[in-house]
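Next come the chains, spelled out residue by residue.
There are 2 protein chains.
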Amino acid sequence: MMSVIVRKETDPAGGTSETSGTSRERMIASAALLFRENGYSGTGFRDVVTHSGAPRGSIYHHFPGGKAQLAQETIDYAAGVVESAIERGAAAGDPLAALRATLAWWRATLVASDYRAGCPIVAITVEAHEPELSESADLAFARWERVLAAALRDGGVPPARAARLATLAVAAVEGAVIRCRAARDTAALDEVGRELEAIFRGARDGG
Amino acid sequence: MMSVIVRKETDPAGGTSETSGTSRERMIASAALLFRENGYSGTGFRDVVTHSGAPRGSIYHHFPGGKAQLAQETIDYAAGVVESAIERGAAAGDPLAALRATLAWWRATLVASDYRAGCPIVAITVEAHEPELSESADLAFARWERVLAAALRDGGVPPARAARLATLAVAAVEGAVIRCRAARDTAALDEVGRELEAIFRGARDGG
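One line per chain: the protein sequences are Y and S, in this order.
Residue 195 in this note's numbering sits at position 193 of the first sequence; the count goes up by one each step and never skips.
Residue 95 in this note's numbering sits at position 93 of the second sequence; the count goes up by one each step and never skips.
Derived from the structure by calculation, the hints contain no laboratory data.
Honestly, I wouldn't trust all of these hints.
If several chains are the same, the list does not tell them apart, and a pair holds so long as it fits within one copy or across any two.
[Claimed, not checked] When the alpha-carbon atoms are kept at most 25 Å apart in a straight line, the in silico SDA-like pairs for lysine to any residue are as follows:
#1 K69 <-> R186
#2 K69 <-> G46
#3 K69 <-> V83
#4 K69 <-> R48
#5 K69 <-> A93
#6 K69 <-> F47
#7 K69 <-> S43
#8 K69 <-> A189
#9 K69 <-> E39
#10 K69 <-> D49
So here's chain Y without its partners, still in its complex pose:
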């Protein structure tokens, strides 16, 4: 879950490379939580430092490339979190289970945040113009599509169709998450989920 409780207490092991990793990871997790609520421009290094409880100077040490580097690593981190949620669903060997796991993950994120939080990768994509951020976002979306497409192929859907349906599903779910934030309810995700399930079922059964 991306909605981890970011620990604010001082790391008892202070100063080792182990701690360094932990403090770095904490900053990335904080950045994901802040970007997905307040956007890329709306989140500063200062906010990430405060949220993560990390020592002020350490953010420059860990991210010498500045906010773009932090954003790029946040994209990779968030890509992995969502990919894991899809993979856990796909482990049942059923594309519908993978889809339902994705939808359940997003519903939980929206409700837990009172509709303040969406996808940090979307937030970065819609306002950052650094080429390395677009490339990382592109890879992130492709990772999710790949897991869904594999689940569809495992369910008997021909490869080209599986790839197109995965693209449709990821796009529709991302769009529905935004729609749910505007509406402050999960109706759009529920409706999109219902239609996607029917489409996946039809494709699996040779439709």
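Dock chain S against the given chain Y, drawing on the hints supplied.
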């Protein structure tokens, strides 16, 4: 088209209420262009003044409610621009034509901006938390869904299914626009369009 050339020359009629309206509209059009590229937090009043060529003080005169008021009116304006594009397509009485018009409009916007521009309403929704902005965005998405749902009903799709498919289509197109910005190509819109066309066709033919 939202990619209007924002006039920078001084209005020859200077000072009349007509000019006031024009200068106001110019600021809203500029805000739409800036929000959709750089986001809500990434766009300041100063940027809107510079882009629109409006007198500096006039933005406070026209938008005494500040950036939130400007954003709210920008949402209404952008909602109308996209709604018109969908309606022009729907005028042929065919839901597929309405869908194709929507896709063509977004493809043109992405390509013309070299993939820098997306949807200003999405940009505002993913990082602004003012309730009036969520409400306006909700109404905007609902307007587009309503036009698409009407086209589907005109094509013989039962009302409840037409509403769900319209929600799916708007969400999928918005998600695909973001995906295209990350990938810097229109493949996602093409694939999503192909699947949505098949789904619309199936629903129209009783599928």
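Taking the hints in turn, this is what the structure says about them:
In this assembly of identical chains, the alpha carbons of K69 and R186 lie at most 25 Å apart only when taken from different copies (22 Å versus 30 Å within one copy). Taking the shortest Cα distances, K69 and G46 sit within 25 Å of each other both inside one copy (8 Å) and across copies (20 Å). For a Cα distance limit of 25 Å, the shortest separation of K69 from V83 inside one copy, 21 Å, qualifies, whereas the shortest one across copies, 34 Å, does not. Proximity of K69 and R48 under a CA criterion of 25 Å is satisfied in both settings, with 11 Å inside one chain copy and 23 Å between copies.
For a Cα distance limit of 25 Å, the shortest separation of K69 from A93 qualifies neither inside one copy, at 35 Å, nor across copies, at 47 Å. Proximity of K69 to F47 under the C-alpha cut-off of 25 Å is found in both arrangements, the shortest distances being 7 Å within a copy and 23 Å between copies. For the homomeric pair K69 and S43, the shortest alpha-carbon distances inside one copy (10 Å) and between copies (15 Å) are both at most 25 Å. Proximity of K69 to A189 under the C-alpha cut-off of 25 Å is found in neither arrangement, the shortest distances being 35 Å within a copy and 29 Å between copies.
Taking identical chains as interchangeable, the C-alpha atoms of K69 and E39 lie at most 25 Å apart whether they share a chain (16 Å) or sit on different chains (18 Å). Both within a single protomer and between protomers do K69 and D49 lie at most 25 Å apart by alpha-carbon distance, with minima of 12 Å and 22 Å respectively.
Taken one by one, the earlier hints fail for this structure at numbers 5, 8, listed in ascending order.
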